[in-house]
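Q: Spelled out from the first residue to the last, the chains are:
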Amino acid sequence: MRKVKSNFFVSLDGVVESPDKWHFPYFNEEMGAAVGAGFATTDALLMGRVLYDEWAAYWPEHADQPFGDVMNSIKKYVVSSSLHAAEWENSEIISGDVAQKLTDIKAQDGGDITMSGSATTVRWLLREGLLDELNLLVHPIVVGDGMARLFPPDEPSIPLELLNAQTFKSGVLNLSYAAATD
Amino acid sequence: MAARIVVTEFASLDGVMEAPGGEPFKYPGWTFEFDRGDDGNQFKLDETRQSDALLIGRRTYESFAGAWPQREGPFADKLNSMPKFVVSTTLKDPEWNNTTVLDSGDATTQVRKLKEELDGDLQVPGSHRLVQELIESDLVDQINLMVFPVILGTGKKVFEEKPERRTLRLKESKVVGDGVLVLIYERTA
Chain S
1 MRKVKSNFFV
11 SLDGVVESPD
21 KWHFPYFNEE
31 MGAAVGAGFA
41 TTDALLMGRV
51 LYDEWAAYWP
61 EHADQPFGDV
71 MNSIKKYVVS
81 SSLHAAEWEN
91 SEIISGDVAQ
101 KLTDIKAQDG
111 GDITMSGSAT
121 TVRWLLREGL
131 LDELNLLVHP
141 IVVGDGMARL
151 FPPDEPSIPL
161 ELLNAQTFKS
171 GVLNLSYAAA
181 TD
Chain H
1 MAARIVVTEF
11 ASLDGVMEAP
21 GGEPFKYPGW
31 TFEFDRGDDG
41 NQFKLDETRQ
51 SDALLIGRRT
61 YESFAGAWPQ
71 REGPFADKLN
81 SMPKFVVSTT
91 LKDPEWNNTT
101 VLDSGDATTQ
111 VRKLKEELDG
121 DLQVPGSHRL
131 VQELIESDLV
141 DQINLMVFPV
151 ILGTGKKVFE
161 EKPERRTLRL
171 KESKVVGDGV
181 LVLIYERTA
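These protein sequence lines are chains S and H, in that order.
Each residue of the first sequence is one higher than the one before, starting from 1 at the first, in the numbering used here.
Each residue of the second sequence is one higher than the one before, starting from 1 at the first, in the numbering used here.
In isolation and in its complexed conformation, chain S is listed as follows (with noise of 0.2 Å):
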């Protein structure tokens, strides 16, 4: 069975919009670690259409920088139902009976499929009770600026469950959450 892990950069106001312009200083040997550890055990991305949109159109032409190779040869997934072509190297969409898909897809052999983003969407696996795990590695700053946040308001409850957690010297969390199964 395949794990679906989504990975977030979040500040302590729940920011997660443009992680380039407050992360960096938290960056430390620990939190490479964690983020290795993440992907060692990956050999899949899924994404929404957002981020799909914003990806295909850098990594093809950047195929030089760090993760360049790896992210454009990696298998991904697409959620969308108004993408009909998916361009990019190993991509492909998945719409209609998108639970359903998703589904099929964990019960496959194979590694983790990891997302790094689309807030969206993974508010949508949780409640379909679809993810794994909500890794959350937690800034000690308040960004604020009115920026998108992890959690908008409005939206419907979901329990969880603390799989792990862990402090790193940076004031960093390092959360696992799963949505809870009773």
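Hints listed in this document are in silico derivations from the structure and should not be mistaken for laboratory results.
Think of the CB as a built atom: it goes at the ideal place given N, C-alpha and C, for glycine as much as any other residue.
Hints may be right or wrong, so weigh each one.
Reference excerpt, derived from the structure (chain H facing chain S, CB under 7 Å, subset only) [unchecked claim]: (1) Ile151; (2) Leu152; (3) Gly153; (4) Thr154; (5) Phe159; (6) Glu161; (7) Lys162; (8) Arg166; (9) Thr167; (10) Leu168; (11) Ser173; (12) Gly179.
Fit chain H to the given chain S structure using the hints.
A: Just chain H now, with coordinates in the frame of chain S:
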């Protein structure tokens, strides 16, 4: 020596701090569904024992003053006896023991003055609107969060969308009870 402002909140993972104790809300008493364990209870007791006064908004005052005077025990005794300052322009003649109303309408100025006049820790539980103003005025010295494993999805948040960016220092973190986090953040110098 000035007093320190210590904000303390029960929060969901998505930062909602509204009505943790059974006040009217979409999910009344939502924190009671979680086991925060003996160490979680001990943390809340120690936190209040270490405080020298309460600083609260009017709604939190109404909620506390409606519950604590009838109760007994170390936690209730401390709350009932300690000095309480309520920021409100509408509260008159508060009945809860040892309560002073700060009624000028300018919370920031009054709290700044209070910080200068007092020593020790001024604890600010709940008090959503007041906390937003104190964060904006940079008067908060410490934030204690008890984070429960749930996304509530609706309700007032500890951090509303403030314009100003602030770095914090994580002073302490631990897991209590059934997946409940206790986090203590301090201001950075």
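Q: Should the hint that Ser173(H) touches chain S count as held when the rule is a Cβ pair under 7 Å?
A: holds, 5 Å
Q: Less than 7 Å between beta-carbons is the criterion; does Thr154(H) satisfy it with respect to chain S?
A: The hint holds - Thr154(H) has a Cβ within 7 Å of chain S, the shortest such distance being about 6 Å.
Q: Would you check whether Leu152(H) satisfies its interface hint, that is, whether its CB is within less than 7 Å of any CB in chain S?
A: Nearest chain S Cβ about 5 Å off; hint holds.
Q: Measuring from the C-beta of Phe159(H) to each C-beta in chain S, is the shortest one below 7 Å?
A: holds, 4 Å
Q: Hold the hint about Gly153(H) up to the distance rule: shortest CB distance to chain S must be less than 7 Å.
A: The hint holds - Gly153(H) has a Cβ within 7 Å of chain S, the shortest such distance being about 4 Å.
Q: Does the interface hint hold: is Leu168(H) within less than 7 Å of chain S, judged Cβ to Cβ?
A: With Cβ-Cβ at 5 Å, under 7 Å, it holds.
Q: With chain S as the partner, please determine if Glu161(H) meets the hint condition of a C-beta pair closer than 7 Å.
A: holds, 5 Å
Q: Going by Cβ atoms only, is Thr167(H) closer than 7 Å to chain S?
A: This interface hint holds because 5 Å falls under the 7 Å limit.
Q: So, as I understand it, the hint says Ile151(H) touches chain S; can you test that by seeing if any CB pair is closer than 7 Å?
A: holds, 4 Å
Q: Would the stated hint for Lys162(H) survive a check requiring a Cβ distance to chain S of less than 7 Å?
A: holds, 4 Å
Q: Tell me if Arg166(H) is really an interface residue toward chain S, meaning its C-beta lies closer than 7 Å to one of theirs.
A: Constraint on Arg166(H) satisfied, holds at 5 Å.
Q: Grab the minimum C-beta distance from Gly179(H) to chain S and call the hint holds if it beats 7 Å, violated otherwise.
A: Holds - the Cβ of Gly179(H) comes within 7 Å of chain S, reaching about 3 Å at its closest.
In this structure, none of the earlier numbered hints is contradicted; all agree with it.
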